[in-house]
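The sequence shown begins at -4 in the working numbering and counts up one residue at a time.
Hints were generated in silico from the structure; no laboratory data involved.
Among the clues, some could well be false.
Stated by the list, open to error - Calculated pairs, DSBU-like style, for lysine-lysine (alpha carbon to alpha carbon, straight line, at most 35 angstroms):
{"hint": "1", "residue 1": "Lys26", "residue 2": "Lys320"}
{"hint": "2", "residue 1": "Lys78", "residue 2": "Lys26"}
{"hint": "3", "residue 1": "Lys78", "residue 2": "Lys320"}
As the list claims (entries may be wrong) - Across the chosen pairs, the derived CB separations fall in these ranges:
{"hint": "4", "residue 1": "Val287", "residue 2": "Thr85", "range": "45 to 55 angstroms"}
{"hint": "5", "residue 1": "Thr288", "residue 2": "Thr239", "range": "17 to 27 angstroms"}
{"hint": "6", "residue 1": "Pro81", "residue 2": "Gly12", "range": "19 to 29 angstroms"}
{"hint": "7", "residue 1": "Ser177", "residue 2": "Gly280", "range": "29 to 39 angstroms"}
{"hint": "8", "residue 1": "Ala28", "residue 2": "Thr129", "range": "36 to 46 angstroms"}
{"hint": "9", "residue 1": "Gly135", "residue 2": "Lys26", "range": "38 to 48 angstroms"}
{"hint": "10", "residue 1": "Asp39", "residue 2": "Thr85", "range": "14 to 24 angstroms"}
{"hint": "11", "residue 1": "Met184", "residue 2": "Thr29", "range": "47 to 57 angstroms"}
{"hint": "12", "residue 1": "Asp233", "residue 2": "Thr133", "range": "14 to 24 angstroms"}
{"hint": "13", "residue 1": "Arg125", "residue 2": "Asp39", "range": "16 to 26 angstroms"}
In this text, all values refer to a predicted model and were calculated from it rather than measured experimentally.
For glycine and all other residues, C-beta sits at the position ideal for the given N, C-alpha and C.
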Amino acid sequence: MGAPPAGDHDLASVWTGSEMIVWYGSARLYKPATDSWRAATATDAPSIDYPVAAVWAGHEMIIWAGAGAARSGGARYDPAMDKWSPVTRTNMPATNGDFTAVWSGSEMIVWGGGASGFVVQVGGRYDPARDAWTPTSTQGAPEARDLHRACWTGNEMFVWGGRSLTGSHLATGGRYNPMTDSWATVTTMGAPEGRAAFSGMGGGHSIVCSTQGVIVWGGDGATRGYLASGGIYNPAGDMWIAATSMENVDGRYGHVAAWTGAEMLVWGGSSLGDRNGGGRYNPSGNTWTRMVTDGAPDGVPTRTGVWTGSELIVWVENGVGGRYKP
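All chains should be modelled from the sequences, with the hints used to inform the complete structure.
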């Protein structure tokens, strides 16, 4: 896969439609059509090496490192122009490490997080067209947390899991509608057991917003690690069904997960066994199919990955990656 990007952990990545952009202190772009890397310009690039969240905003990548980091704030990168622009810090939310970020189609929504013994239940919506922040409502918001996960359902941000102020692994969540600036509860009846990221923004359970509902899987559990369990949440009915355990593949956290349009792909991460293994989950049949490992990258913790529309591209911490076609 050509020359690797700078850095070897706490990576963030997005898919542009033709390239994968990977960020860690600098940005590199990988084009699968030519199996080649290129470096983004350093001119006006942000001085952020803290773990960040990244979203693709249609024509630019937006990265955000939170408000409390030594090198905090965010930036926007346009790969067509090879140009960086700042993200305003005015009215920025008091999110810090281990928050989440999703793209709504017009705004980046960040929520939760914490560091140094505190967690928050606040968030903000960033509009790149106006370079402006709007706070998210706290009324009805889920309990403050970090190390949670979130995804965009098409009209709401779904938040679930994470770690409370007391360190409890949460089995709760919420749904945020930016059009009404309001939260809706997520039932706990039938929900999977509580889980959180193990450490850092690169580890933990996965949440995938699919056409079959929101799929929660894997992660670090309250009483046991390397979970091989999960659930499917139906927002319309506010109900959960259990996701069958992955057969013949170990439970894991810090893995890459992606929705193909028909299946959830899970690969890599930290586990007790096959770190370079994975599986394909079909929620319609509630069944797993093991992924082949021939030609897979070396079995070290996976750090980031993107779905291109036809293949899964993963990047791991020892400077190698791979592309998987289902």
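Evaluation of the provided hints:
1. With a C-alpha separation of about 16 angstroms, the suggested pairing of Lys26 with Lys320 holds against the 35 angstroms cut-off.
2. The suggested pairing of Lys78 with Lys26 holds, with an alpha-carbon distance near 18 angstroms, which does not exceed 35 angstroms.
3. Straight-line distance between C-alpha atoms of Lys78 and Lys320 comes to about 32 angstroms, which keeps the hinted pair within the 35 angstroms bound.
4. The hinted range of 45 to 55 angstroms is satisfied by Val287 and Thr85, whose Cβ atoms lie roughly 50 angstroms apart.
5. At roughly 21 angstroms, the beta carbons of Thr288 and Thr239 sit within the given window of 17 to 27 angstroms.
6. At roughly 24 angstroms, the beta-carbon separation of Pro81 and Gly12 lies within the given 19 to 29 angstroms, and the hint holds.
7. In this structure, Ser177 and Gly280 meet the distance hint of 29 to 39 angstroms, their C-beta atoms being roughly 35 angstroms apart.
8. As the Cβ distance of Ala28 to Thr129 is approximately 38 angstroms, the hint placing it in 36 to 46 angstroms holds.
9. For the pair Gly135 and Lys26, the beta carbons lie near 44 angstroms from each other, so the given range of 38 to 48 angstroms is met.
10. Here the CB-CB span from Asp39 to Thr85 is close to 19 angstroms, well matched to the stated 14 to 24 angstroms.
11. The supplied range of 47 to 57 angstroms is met by Met184 and Thr29, whose beta-carbon atoms lie about 50 angstroms from each other.
12. Between Asp233 and Thr133 the C-beta distance comes to about 21 angstroms, which sits within the given range of 14 to 24 angstroms.
13. Distance hint check: the CB atoms of Arg125 and Asp39 are about 20 angstroms apart, consistent with the given range 16 to 26 angstroms.
When the structure is compared with the earlier hints, no violation turns up for any of them.
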